[in-house]
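Protein sequence lines correspond, in order, to chains S and G. Using our numbering, the final residue of the first sequence is 348, and nothing's skipped along the way. Using our numbering, the final residue of the second sequence is 696, and nothing's skipped along the way.
Hints listed in this document are in silico derivations from the structure and should not be mistaken for laboratory results. Do not take every clue at face value.
[Claimed, not checked] From the structure, some residues in chain G lie toward chain S, with a derived Cβ separation under 7 Å:
id	residue
1	Q462
2	K517
3	A526
4	D637
[Claimed, not checked] Mimicking DSS-like on lysine-lysine, the simulated pairs with C-alpha atoms at most 30 Å apart in a straight line are:
id	chain 1	residue 1	chain 2	residue 2
5	G	K442	S	K163
6	S	K276	G	K624
7	G	K577	G	K361
From the three backbone atoms N, C-alpha and C, an ideal C-beta is built for every residue, glycine too.
Protein chains: 2
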Amino acid sequence: MLTPELKNCRFLKAARREATDTTPIWIMRQAGRYLPEYMSVRRKVTFIELCKSPELAAEVTLTAQRVLGVDAAILFADLLPMLVPMGLDLEYAKGEGPIIHNPLQSAADVDRIQELEELGSLHFVFEAVQRIRRDLPANIPLLGFAGAPFTLASYAIEGGSSKNYLNTKSIMYSDSGAWRTLMERLSRSLIRYLNAQIEAGCQAVQLFDSWAGCLSPADYRAYVLPYTKMVIDGILPGTPVINFLTGNPALLPLLREAGGTVIGLDWRVDLADGWKTVGYDVAVQGNLDPVSLMADLPTLKRRAKAVLDGAGGRPGHIFNLGHGVFPEVPPDHVKALVEMVHEMGRNG
Amino acid sequence: MLTPELKNCRFLKAARREATDTTPIWIMRQAGRYLPEYMSVRRKVTFIELCKSPELAAEVTLTAQRVLGVDAAILFADLLPMLVPMGLDLEYAKGEGPIIHNPLQSAADVDRIQELEELGSLHFVFEAVQRIRRDLPANIPLLGFAGAPFTLASYAIEGGSSKNYLNTKSIMYSDSGAWRTLMERLSRSLIRYLNAQIEAGCQAVQLFDSWAGCLSPADYRAYVLPYTKMVIDGILPGTPVINFLTGNPALLPLLREAGGTVIGLDWRVDLADGWKTVGYDVAVQGNLDPVSLMADLPTLKRRAKAVLDGAGGRPGHIFNLGHGVFPEVPPDHVKALVEMVHEMGRNG
């Protein structure tokens, strides 16, 4: 049950497409390497140690929300640890990003993936959620998140990030049975994982389909949409889901079809066009080009205004970047952006 | 002046949206590492030695066309050597891709870029064109190409390929004067370079905007479209231009606005939707997902048929991949694809 403060907070009102006093904003990867407060924690622990420490994960989550003055906190966590109890051997190599040492190299390997039944080994995630919720301001919602089924499948198959998704698409094209098995196991696991985040204290969840932009609309429809839809349909009723995909505006009508209370737009589409495409009967989140934060403040303001103008004052817009904030960005620019949006987004 | 054989070849008829006996096809990067005949040449010389040898560049160009039976040859060359006489210090490091040792790191650096006036140092390109044209079958057109202004600018600024184009966009956003200077010098240089390819014997040219998909429509319109248009408008009259961009279907209306006889579509959009978007009064090229070539032949055939079905038998479709062919692809699959398209694309 939501408290009245949360029920009437800017973020959740906008997700319901109700009018708000100003446009709510949060920033993807807001607790990240651009922020000195985050870096001072990271100097003491590795990335995965930080993810696994409920105390430190809560600290960086809370600090980012407080320092920036954003309208939502997002759990500090990573997309991939949920794959470990499913049978994958994950390592965060120094300066190299995540590596899976036993990727699914063929359709036959798919049977190695176990559905996530028992969530005990991911307890650090839910404990972090509890701590954050306890210490967050009463009117600030906490967002949980996970990778969407395609993005997780491509990590599991490629063993890391990929340029062309050769192995993923090869399995997808050549063995639809193995693909379905993999995507179903991931989807059922995601439902449990996300619902456990909600039960621990999250007010909304975001699905990140960070790699699905490499797909044609026909392939997304055949091989991805049913599973993303399965996950969204399985989320506890009443909890908003932000359905976010990056890299291909031609998929937006299908993203909408897959579901979600809020559709996340990347910056490759003009916000006005993107909202028109997904329909005004759904809220949207986005979509400033993250590189805008490298520009001088007058330029940043002009670019933020263009995004707000694209929304045209219509209730249901949650301001965000079109992708995560870069480590190179001056933290003062992020703070300034939050103030600008609150100022320029004010109604009446 | 075109010979009658060339004037009536499949490729050029399709570029004029005239009916053809079957759908013409060629493959981006058809003279590439997947092809054993190419690799046997590459074992003797480095990539840049191959680019700079008119004899060997002609050999790999001609061999690929002959072995595959495609309806066009494309000059074997690279996007970047034209930047060398413009003042950039280019190296092809072994296994690393191109590196520019003196990239444009700030707006002030832009003045280091000299416009390409004298083409003598690129003579190897035009000599390759002459050799290829001399030895190509009389009914096979030769395509020249170059990088589009944005793609060249981003190489010149980032010093190589880039994930997020931080430096490029930073200059673009913060110093519109420097950006204009850079893009104008590149555009005027491109006009001379492409027209010299045409004068040496190319029947059409393709502009590759391989990296422009990182831009929002508003940024493409403000910072890129005028320069791509300048290049296309400067091409010798009567020569078809293929205007190709990858990575963002939301830019297609603007790509069309920039010009071109043929609009190149990547695989992120369904061909039928892409053609409708750019308009039926222009020809289109594309757009099979290149990973399709990794699949078994029945799957490949089904996927090629879906692209042909998207074109719906309308004159003006040139079959291609949505991007270059991967080195991992079995050469027999590429040959089979050419046969399939010629067979399935047959009219009447």
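Would the hint on D637/G stand, with a C-beta cut-off of 7 Å toward chain S?
For D637/G, the interface hint holds, since the closest Cβ of chain S sits about 6 Å away, which is under 7 Å.
Hint validity - Q462/G Cβ closer than 7 Å to any chain S Cβ
28 Å, violated
30 Å limit on alpha-carbon distance, applied to hinted pair K276/S and K624/G
18 Å, holds
Does the closest beta carbon of chain S sit nearer than 7 Å to the beta carbon of K517/G?
Since the shortest Cβ distance to chain S is 4 Å, the answer is holds.
With the threshold set at 30 Å, check whether the alpha-carbon distance from K442/G to K163/S stays at or below it.
19 Å, holds
Can you confirm whether the C-alpha distance between K577/G and K361/G stays at or below 30 Å?
23 Å, holds
Given a cut of 7 Å on the nearest C-beta pair, is the interface hint for A526/G held or broken against chain S?
14 Å, violated
Of the hints listed earlier, those the structure fails to meet are numbers 1 and 3, in rising order.
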